[in-house]
Amino acid sequence: MAPDMLISLLWKALLQTAHMVFVSGIVGTLIGLPIGVFLATSNRGELFPAPTLNKVVGAIVNATRSTPFIILVVAIIPFTRMIAGTSIGTTAAIVPLTIATIPFIARLIESSIREVDRGLIEAARAMGATPIQIVSKVLLPEALPSIVLALTLTLVSLVGYSAMVGAVGGGGLGDLGIRYGYQRFMPEVMLAVVVVLIVVVQAIQSAGDMLARRFDKRTRKN
Amino acid sequence: MNRVDTHQSPAAVPMVTFEDVTKRFGGTGNQPAFTALDGVDLVVPRGAISGIIGRSGAGKSTLIRLVNGLEKATSGRVVVDGVEVGGLPETGLRDLRRQVGMIFQHFNLLSSRTAFDNVALPLEIAGMDRKAIRDRVAPLLELVGLGDKSGRYPAELSGGQKQRIGIARALATEPKLLLSDEATSALDPETTQSILELLKTINRDLGLTVLLITHEMEVVKTIASQVAVIDKGKIVENGRTFDIFTAPKHETTQSLLSAAIGAKLPEWIRPEPKTEPAPGDRALVRLIFFGETAFQPLTARLVAEIGPDVNILAGAIDEIAGEPYGSLVVSYPADPDTLQRASRFYQQTGLTTEVLGYGA
Chain G
1 MAPDMLISLL WKALLQTAHM VFVSGIVGTL IGLPIGVFLA TSNRGELFPA
51 PTLNKVVGAI VNATRSTPFI ILVVAIIPFT RMIAGTSIGT TAAIVPLTIA
101 TIPFIARLIE SSIREVDRGL IEAARAMGAT PIQIVSKVLL PEALPSIVLA
151 LTLTLVSLVG YSAMVGAVGG GGLGDLGIRY GYQRFMPEVM LAVVVVLIVV
201 VQAIQSAGDM LARRFDKRTR KN
Chain U
1 MNRVDTHQSP AAVPMVTFED VTKRFGGTGN QPAFTALDGV DLVVPRGAIS
51 GIIGRSGAGK STLIRLVNGL EKATSGRVVV DGVEVGGLPE TGLRDLRRQV
101 GMIFQHFNLL SSRTAFDNVA LPLEIAGMDR KAIRDRVAPL LELVGLGDKS
151 GRYPAELSGG QKQRIGIARA LATEPKLLLS DEATSALDPE TTQSILELLK
201 TINRDLGLTV LLITHEMEVV KTIASQVAVI DKGKIVENGR TFDIFTAPKH
251 ETTQSLLSAA IGAKLPEWIR PEPKTEPAPG DRALVRLIFF GETAFQPLTA
301 RLVAEIGPDV NILAGAIDEI AGEPYGSLVV SYPADPDTLQ RASRFYQQTG
351 LTTEVLGYGA
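Protein sequence lines correspond, in order, to chains G and U. Going by this note's numbering, the first sequence wraps up at 222, each residue one higher than the last. Going by this note's numbering, the second sequence wraps up at 360, each residue one higher than the last.
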């Protein structure tokens, strides 16, 4: 394949991947974050005790996470059509990606928040803080470095998931690799796709690590 | 040497009252309930520093958490400044907590906030505006001696400095009561002393009532004027620190105390002294000095009275709740003549003594 053509294909695919990853990452965070906070604070004796609802939400989260992504993509096609107006294309692919991301983020946020020292919750209660204040002024700020790393992990996983949505015409880097590199026997395209993916994942991880380090005041820095 | 309480009239209501308070944990399903507190009656006087001492698991943490409603009593009443804590709704409880500061063994500072912002946290929670917070926090950091550490994060501070920030934070809402939950247990002895001095200063200058729990006799001895001893969920002894320390009645108090004030017999006094003297035996006697007797040269006079054969075996001179206290273990011949002269001498001088036994 001519280099300029390869570059143009790669660029287009990269933009599609970026589009899918970031939109589903952002929407997934907006919905997954509160669910994660809820899961981390709603057991018996916690800030918002609702043990039954906690178990129900936990079960739904587990069910979604145990469904293989490619099956999820196909299974929710009617829902996708309802949301996106179509079941094929990049925009349509964002729907299953988001659905798969929400429970992933929720569990990661839950564990980030559970890592916060219980003593801080007690101290905040002793100051007369409301449960909402404890979440906003103590739990989220203290868990921030860990949350940033969790979101980084989510974005990296989304890059991987997005390779599968070629099945519904989602496009993107993974799809380019399968269609050109594998199905048309063009190893140079496959190689190029893999190299670009490695660079993308490295960039996301480094940016995430840097941000997390900046927010992390738990260790002394000189 | 009676001190006049300058903060409050004696008629003032107590700061905290526990009335027949019981607290049980668990007991749902087929698990038996654990009784952490069992019929506790206790009065915490206003304006003083009061200590509650006990071993771990004795129930003292539960007791202090009942005061600001972090735990709820199973039965009985906890009254703080005239308000019954158990009867308060959640909003009333939050108002109460803003009037009661608390400091912790592990400081519980937010790692993501600077010293300044940690002290500001209770004020933000109370809804104070940014400018008023600044005006309040800066002098508090000065008060605890950390005016120059305002922008430092907890990870950059030593244990003692972290506890100072914890104290400033607890004082931010200008509470009338400060609860201290083993606040010095994670600190080295020197730092412990400096934190205790700070608490003493705050108590004196701000007239703040302090209720502290600890397992360290040293802490109580240094700053508490009142002490209650708790064991297995019950208050076993309670009164002025000096009285409890100089004449401990309960076994738990005695064992907690023995190490702290040199009251324990030295290991090398073996075998165990007998209760009746045999011919040629020596009497082992503990002389206790406090109040008037602490300032007199009584040991020299004892020697003058009963002869030079007086051995000093062990002793400690110390200060308990600001009053001098000495304990001296001596031995002298247990012949009837010497014993009689010694006991006459003790009667004349009013020296408190305890015959530990007789031995060779």
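It is possible that some hints are incorrect.
Claimed, not checked - The list that follows gives simulated cross-link-like pairs (lysine to any residue, SDA-like), each with its CA atoms no further than 25 Å apart:
no.: 1; chain 1: G; residue 1: Lys137; chain 2: U; residue 2: Arg98
no.: 2; chain 1: G; residue 1: Lys137; chain 2: U; residue 2: Gly127
no.: 3; chain 1: G; residue 1: Lys137; chain 2: U; residue 2: Ser111
no.: 4; chain 1: G; residue 1: Lys137; chain 2: U; residue 2: Leu141
no.: 5; chain 1: G; residue 1: Lys137; chain 2: U; residue 2: Lys131
no.: 6; chain 1: G; residue 1: Lys55; chain 2: U; residue 2: Leu96
no.: 7; chain 1: G; residue 1: Lys55; chain 2: U; residue 2: Thr28
no.: 8; chain 1: U; residue 1: Lys149; chain 2: G; residue 2: Asp117
no.: 9; chain 1: G; residue 1: Lys137; chain 2: U; residue 2: Pro248
no.: 10; chain 1: G; residue 1: Lys137; chain 2: U; residue 2: Thr28
no.: 11; chain 1: G; residue 1: Lys137; chain 2: U; residue 2: Pro14
no.: 12; chain 1: G; residue 1: Lys55; chain 2: U; residue 2: Lys131
no.: 13; chain 1: G; residue 1: Lys137; chain 2: U; residue 2: Gln31
no.: 14; chain 1: G; residue 1: Lys137; chain 2: U; residue 2: Gln99
no.: 15; chain 1: U; residue 1: Lys274; chain 2: U; residue 2: Pro248
no.: 16; chain 1: U; residue 1: Lys149; chain 2: G; residue 2: Arg218
no.: 17; chain 1: U; residue 1: Lys72; chain 2: G; residue 2: Gly45
no.: 18; chain 1: G; residue 1: Lys137; chain 2: U; residue 2: Arg136
no.: 19; chain 1: U; residue 1: Lys72; chain 2: G; residue 2: Ile88
no.: 20; chain 1: U; residue 1: Lys72; chain 2: G; residue 2: Pro131
no.: 21; chain 1: G; residue 1: Lys137; chain 2: U; residue 2: Val43
no.: 22; chain 1: U; residue 1: Lys274; chain 2: U; residue 2: Phe295
no.: 23; chain 1: G; residue 1: Lys137; chain 2: U; residue 2: Gly147
no.: 24; chain 1: U; residue 1: Lys72; chain 2: G; residue 2: Arg214
no.: 25; chain 1: G; residue 1: Lys137; chain 2: U; residue 2: Leu96
no.: 26; chain 1: U; residue 1: Lys149; chain 2: G; residue 2: Arg214
no.: 27; chain 1: G; residue 1: Lys137; chain 2: U; residue 2: Ala155
no.: 28; chain 1: U; residue 1: Lys72; chain 2: G; residue 2: Arg218
no.: 29; chain 1: G; residue 1: Lys137; chain 2: U; residue 2: Lys274
no.: 30; chain 1: U; residue 1: Lys234; chain 2: G; residue 2: Leu72
These are calculated hints, taken from the structure and not from any lab test. For clarity, every value in this text was computed on a predicted model and none was experimentally measured.
Right, here's what the structure says about each hint:
1. Straight-line distance between C-alpha atoms of Lys137/G and Arg98/U comes to about 16 Å, which keeps the hinted pair within the 25 Å bound.
2. Between Lys137/G and Gly127/U the CA atoms are separated by roughly 12 Å; this keeps the pair inside 25 Å, and the hint holds.
3. A distance of roughly 12 Å separates the Cα atoms of Lys137/G and Ser111/U; the hinted pair therefore holds under the 25 Å criterion.
4. As the CA atoms of Lys137/G and Leu141/U are separated by approximately 21 Å, the hinted pair is consistent with the 25 Å bound.
5. A distance of roughly 19 Å separates the Cα atoms of Lys137/G and Lys131/U; the hinted pair therefore holds under the 25 Å criterion.
6. With a CA separation close to 34 Å, the supplied pair Lys55/G and Leu96/U exceeds the 25 Å bound.
7. Of the pairs offered as hints, the one joining Lys55/G and Thr28/U holds, with about 20 Å between alpha carbons and a cut-off of 25 Å not exceeded.
8. With a C-alpha separation of about 23 Å, the suggested pair Lys149/U and Asp117/G falls inside the 25 Å cut-off, and the hint holds.
9. Our distance criterion of 25 Å between C-alpha atoms is broken by Lys137/G and Pro248/U, whose separation comes to about 47 Å.
10. Restraint check for Lys137/G and Thr28/U: the C-alpha separation of about 34 Å exceeds 25 Å, so the hint is violated.
11. Restraint check for Lys137/G and Pro14/U: not satisfied, since their Cα atoms lie roughly 34 Å apart, outside the 25 Å limit.
12. A hinted pair counts as satisfied when its Cα atoms are at most 25 Å apart, and Lys55/G with Lys131/U does not qualify at roughly 44 Å.
13. Between Lys137/G and Gln31/U, the direct Cα distance comes to roughly 37 Å. Violation of the 25 Å bound is thereby established for this hinted pair.
14. Our distance criterion of 25 Å between C-alpha atoms is met by Lys137/G and Gln99/U, whose separation comes to about 20 Å.
15. Taking the CA atoms of Lys274/U and Pro248/U, the gap is near 22 Å; set against the 25 Å cutoff, the hint holds.
16. Among the hinted pairs, Lys149/U with Arg218/G is consistent with the structure: their alpha-carbon atoms are about 16 Å apart, no more than 25 Å.
17. Proposed proximity of Lys72/U and Gly45/G is supported: the alpha carbons are some 13 Å apart, at most 25 Å.
18. Pair hint Lys137/G plus Arg136/U holds up; C-alpha atoms about 19 Å apart against a cutoff of 25 Å.
19. Between Lys72/U and Ile88/G the alpha-carbon distance is near 58 Å, which puts this suggested pair outside the 25 Å criterion.
20. Annotation: proposed proximity of Lys72/U to Pro131/G holds, straight-line Cα distance about 18 Å (limit 25 Å).
21. For a cut-off of 25 Å, the pair hint linking Lys137/G to Val43/U is broken: about 35 Å separates their Cα positions.
22. A threshold of 25 Å between alpha carbons decides the hint, and for Lys274/U with Phe295/U the separation of about 32 Å lies outside it, so the pair is violated.
23. Among the hinted pairs, Lys137/G with Gly147/U is consistent with the structure: their alpha-carbon atoms are about 24 Å apart, no more than 25 Å.
24. A C-alpha spacing of about 41 Å is found between Lys72/U and Arg214/G, which places the hinted pair above 25 Å, so the restraint is violated.
25. With a C-alpha separation of about 20 Å, the suggested pairing of Lys137/G with Leu96/U holds against the 25 Å cut-off.
26. The hinted pair formed by Lys149/U and Arg214/G meets the criterion: a straight-line CA distance of about 20 Å does not exceed 25 Å.
27. The suggested pairing of Lys137/G with Ala155/U holds, with an alpha-carbon distance near 19 Å, which does not exceed 25 Å.
28. Our distance criterion of 25 Å between C-alpha atoms is broken by Lys72/U and Arg218/G, whose separation comes to about 33 Å.
29. Only pairs whose Cα atoms come within 25 Å are accepted, and Lys137/G paired with Lys274/U is rejected, the gap being roughly 65 Å.
30. At most 25 Å may separate the alpha-carbon atoms for a hinted pair to count; Lys234/U and Leu72/G exceed this at roughly 60 Å.
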